Amino acid sequence: MTTDHRSQRAPTDAKRTFRITIPLLMALWVAAFPATVPAVAQQQELPVGFQVGEAFPTLAFPALEDGQPTSMADFRGERLILHVFASW
Amino acid sequence: MPGWHEATEELRDAGKIRMVGIIQEQHPDRAALFMQWKEMGWPLLVDSYNLLEVPYVPITLAIDERGIVRRQLRAIRDGQVIDDAFLEEAFAPAVPPGARARQADAASTPTASASPATTRPDLAALRAVAVREDTPDAWRDYGNAVAVWGGEDRLERAIEAFGAVVREEPEDGWALFRLGVALRARYDSEARGPDDFRNAVSNWSAALAIDPNQYIWRRRIQQYGPRLDKPYPFYDWVPVAREEVRARGQDPVPLIVEPRGSEFAEPAREFVTAGADALEPDPRGRVLRDDGDFITAEVVAVPPTVAPGEVARFHVTLRPILEKLAHWNNEVDETVIWVDPPRGWEVEAPLLSHPLPPNEVVSQETRIIEVEVKAPRLTFSGPARIPAYALYYVCEDVNGICMYRRQDLVLSVRVERDR
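Keeping their order, the protein sequence lines are chains A and B.
Position one of the first sequence corresponds to residue 65 (this note's numbering), numbered consecutively onward.
Position one of the second sequence corresponds to residue 152 (this note's numbering), numbered consecutively onward.
Extracted from the complex, chain A is given alone in its bound form:
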């Protein structure tokens, strides 16, 4: 059985050319039009008061049960697991 090495090499060359050309074109595009390249999205940072070692905000919020403003400071003296969530 004979093997046509040219026919096997041909796509390999094309693939190599493709591998080189596409990143080159992309790099040229980025250099020419930087504003069109989306920035890598970063994870949104939590606000002040949510990091370890910080005091959690003592803002008041209406209690679901009776609407009375209640602050997280009202729970001082207890160890809490606080869950900020939504039912959806």
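If you're looking for bench data, these hints aren't it; they were derived computationally from the structure.
These numbers come from a predicted model, not from an experiment.
Every residue gets a Cβ at the ideal spot worked out from N, C-alpha and C, and that includes glycine.
Please note that the accuracy of each hint is not assured.
Claimed, not checked - With the Cβ distance kept under 8 Å, some of the chain B side facing chain A (calculated, not the full set):
1) T159
2) I173
3) I174
4) F185
5) P194
6) L196
7) P209
8) I214
9) R221
10) C553
Since the structure of chain A is provided, determine the placement of chain B on it from the hints.
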């Protein structure tokens, strides 16, 4: 969340920890039903305005007796929510459990807030300052305070305050979001204004355009918006919850605002149309018109602006004018709307109906029909007007004339090619 509830049961029973929740939801009463359904009895605080400024949920923290964050908890591992060190470590001198520390500890009060608000602020004084100084900061302080501590007029005052901030600083995304929250809340109340829902959506959209990474803001749009934009149906658990609560012999917590259409809708991967062969109910326009004399019609697009090829969900709200004693006649056909999209536009279904209430010959309830419309892929920027009409049987008065009437509608949405 039920997982956290179960995993903390022993610790709660032993008095080692307490669970507390803060809800980031437009309709917090739904969380009350959720808690009842899952038999979770711990206290919940309502932060619909997102005064905490959290970008996403859920967030779970372990907090010590002094209010200091000690852990950010991400997952329940092997049934354990918190390491033993948190439970055993002596972070601070013991304070009697449940002590009502209403006076804020200055040393542990956070920096980033216009309203530390552990004690009732003087709202009249805050408003006087806002009116006198007329600065965004002063109105912001007043708005944040009145959102929590305001009385019966809290929505009016919040709209006034956040509206003033937005007029001065139209790029303040938080003020735009909070203005939207107050407007939508007023829309759900008896004091609703004619454009409250539309303006709420408009403000939320503007906020999201400023900061597209605010997940909580995006959820408000998704909640009422098209199926293509939904990650999952938001409130499909409500009927299940009610059924299971009733099966336990309890009455489900009543909801102030019933979830509907978009809030139940399954997400979609592609825009699907159906009912193209439906017959137009009044092709020659011969049905007698109601020009808003008996039924008021309100049409809101969510989102209010779409790019070519994008979908808007229209909420068509029909309300009998109570002052005129107008009411629906339910002995005949359902209320329907017919949508006649212009060339190139697609409608999910041209003919949509609202079911009649069972066992009621007449009624005065609000009827909402939602329909999704897709913009053409090739179109110009600018306002688009999609003709539609509603057909219904309405009675003019008690024992008055009942007529089949038509009200012509326009579904308006803006197309922006560069959106």
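The hints, checked one at a time:
1. T159: holds, 6 Å
2. I173: Holds, because the Cβ-Cβ distance from B:I173 to chain A comes to roughly 5 Å (cut-off 8 Å).
3. I174: At 6 Å from the nearest chain A Cβ, B:I174 passes the 8 Å test, so the hint holds.
4. F185: With Cβ-Cβ at 4 Å, under 8 Å, it holds.
5. P194: holds, 6 Å
6. L196: The hint holds - B:L196 has a Cβ within 8 Å of chain A, the shortest such distance being about 4 Å.
7. P209: holds, 4 Å
8. I214: Where the cut-off is 8 Å and the nearest Cβ of chain A is about 4 Å from B:I214, the hint holds.
9. R221: Constraint on B:R221 satisfied, holds at 6 Å.
10. C553: Nearest chain A Cβ about 40 Å off; hint violated.
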